[in-house]
Amino acid sequence: MNQPVLLAGGINVFKYAAPQTFYPLAGKMIPWFGWIAAAFCAAGLYVGFFVAPTDHQQGESYRIIFIHVPAAWMSMFIYVVMAFWAGVGLIFNTRLSHMMVSALVPTGAMFTFVALWTGALWGKPTWGTWWAWDARMTSELILLFLYFGFMALQAGIDDARRADRAGAVLALVGVVNIPIIYFSVKWWNTLHQGASVSLTSAPTMATTMLTGMLLMALAAWMYTIAAALHRVRSIILEREHGATWINEYAETKA
Amino acid sequence: MKPRHKRFVMVAAGIAALGIAAALVLSAFEKNLVFFYTPSQVVANEAPQGRSFRIGGLVAPGSVQRQADGITVRFVVTDTAQSMPVAYRGPLPDLFREGKGVVAQGKLGADGVFSASEVLAKHDENYMPPEAAEAVAKAHSGNPTGSTTVVVPAPATGGR
Numbered sequence: 001m002n003q004p005v006l007l008a009g010g011i012n013v014f015k016y017a018a019p020q021t022f023y024p025l026a027g028k029m030i031p032w033f034g035w036i037a038a039a040f041c042a043a044g045l046y047v048g049f050f051v052a053p054t055d056h057q058q059g060e061s062y063r064i065i066f067i068h069v070p071a072a073w074m075s076m077f078i079y080v081v082m083a084f085w086a087g088v089g090l091i092f093n094t095r096l097s098h099m100m101v102s103a104l105v106p107t108g109a110m111f112t113f114v115a116l117w118t119g120a121l122w123g124k125p126t127w128g129t130w131w132a133w134d135a136r137m138t139s140e141l142i143l144l145f146l147y148f149g150f151m152a153l154q155a156g157i158d159d160a161r162r163a164d165r166a167g168a169v170l171a172l173v174g175v176v177n178i179p180i181i182y183f184s185v186k187w188w189n190t191l192h193q194g195a196s197v198s199l200t201s202a203p204t205m206a207t208t209m210l211t212g213m214l215l216m217a218l219a220a221w222m223y224t225i226a227a228a229l230h231r232v233r234s235i236i237l238e239r240e241h242g243a244t245w246i247n248e249y250a251e252t253k254a
Numbered sequence: 001m002k003p004r005h006k007r008f009v010m011v012a013a014g015i016a017a018l019g020i021a022a023a024l025v026l027s028a029f030e031k032n033l034v035f036f037y038t039p040s041q042v043v044a045n046e047a048p049q050g051r052s053f054r055i056g057g058l059v060a061p062g063s064v065q066r067q068a069d070g071i072t073v074r075f076v077v078t079d080t081a082q083s084m085p086v087a088y089r090g091p092l093p094d095l096f097r098e099g100k101g102v103v104a105q106g107k108l109g110a111d112g113v114f115s116a117s118e119v120l121a122k123h124d125e126n127y128m129p130p131e132a133a134e135a136v137a138k139a140h141s142g143n144p145t146g147s148t149t150v151v152v153p154a155p156a157t158g159g160r
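Chains as they are written, first to last, in the numbering used here: chain A, 1 to 254; chain B, 1 to 160.
Please note that the accuracy of each hint is not assured.
Now the stretches of chain A that chain B is said to cover, found in silico as 3 or more residues with beta-carbon under 8 Å [claimed, not checked]:
1. 129-138
2. 154-160
3. 204-211
4. 228-237
Derived DSSO-like pairs (lysine-lysine); straight-line CA-CA distance at most 30 Å [to be verified]:
5. A:K15 x A:K28
6. A:K186 x B:K6
7. A:K253 x A:K15
8. A:K124 x B:K2
9. A:K124 x B:K100
10. B:K100 x B:K138
11. A:K253 x A:K28
12. B:K100 x A:K186
13. A:K28 x A:K124
14. A:K15 x B:K2
15. B:K100 x A:K15
Over 10 Å on every C-beta distance to chain B, these chain A residues come out as not near it, computed from the model [said to hold, decoys possible]:
16. V175
17. A243
18. E248
Since the hints were derived computationally from the structure, they do not count as laboratory data.
Ideal Cβ placement from N, Cα and C applies to all residues, glycine included.
Build the full structure now, drawing on both the sequences and the hints.
This is the structure we're talking about:
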C-alpha cells in the first residue's frame, strides 16, 4: 500500500477498503439508502401517476416511462460501475473491489430485465409489436446476457480468486456494449425513438413528466446502493468465514 | 515499473484495443445494422433486392386510403425527399397517424408499390400534454419563428 490517503476530515479512506472495516460501515448505511429509495419511489410514482399529464400521442400508455427509463439507465450505469470496480480489482488486487462487482451484478440484471419487459409492454400498444430486432433492443438484450454470463462464469469457477479475475475480464470486455446501447438510436435507423433527455440538449418532455422520471431514477440509484451493500455484506461473510474479525464482530454484537 | 502499474497499463491497453476493434466491426457492419431503409435509400438502390426489407418514414398527410374491402389500406411513406406507395392488409397500430412515423416490412413490387406484411408505428421522443401539443401546432402554423415553448417537436426524420 501507498502512504495512507487522508481526506480533509482526517479519515483514512484505505481503511474502508478492508472487508472487516467495510462490513459494519455498510451495515449502518443500508437502512439510510433503503428508506431514501422508498421515499423517492413513493414521490416518483405519485408524480408519475397523479400529477404528470396524459401524453398528446400515446395517451396513458406512455406512463410506463416512469419505470422503463430509470430501469434502462440503471442497467447501463450499473455495468459501468461494475467494470470500474473490476478494473480496480485487477490492478490493485483488492478483494473488496471484486466482491463489489459480484454484489452489483444481480441488481444490474434485474434492471435490464425490467427495462426489456416494460419495453415490450410499452411496444405492443404503441408500435404494434412486443419485440423487434432493432439496434437498441438487441444491444440491451446482449447486456442481459452479459450479466447472466458473468453470474454463470463466477459460479462455474470454484477458486474465488480465479473466479474474480475471470469475471473482471468479462466485465471489462462487455463495457464496449454500453456506448453501443446508448448511441444506437443516433447511429442507426431504429424503431426505438431517440433520447428525450440528454446531456447535450434540452429535454423534450413536459416538466412534470420529467420530474417524475428523475425521482424514479434517484429511487433506482438509492435502491441499487442499498441492495449492493446488503449483498456485499453477505459475500464478505461467505468469503471471509473463519476469519478472526468475524468471530470477534459476532461476539460484540451478541 | 511496479507490478500495479504494469497491470494498469495492461488493462488500459486491453480496453483501448477492444474499443478500436468494436468500432471497426461496427463501422464495417454499419449498412446491415439499420432497422429500416428510407424511401431515398430505396430509390438509390441501397435496399436489398428481391427479398423482404423494412421501409420507414412519415405517413404522408392525406395519403391514407381504405379500400372498399375495409381491410386493405394504401398510404404513402415519405422522408420528405422521396416517397413510396405502400399497400397493407391487416390491422394498423393505434399510433398509426398521418404525418407520424411508420415502419413497414414487406417487398417492393414490380409496379413500385411496397406491399407490406407488417406495419409498426414509430413514435417520437417528445412527450407533452395535449394542450401543449395544440399550442405548438398553433404556433407553428400561425407564426413559425415566434415559438418560445420549451417542448418543440423535432421534425421526425427517417434518420432517427
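*Report the numbers of all earlier hints that the structure fails to satisfy, in ascending order.*
Going through the list in order, the structure violates hints 2, 4, 6, 8, 13, 15 and 16 and respects the others.
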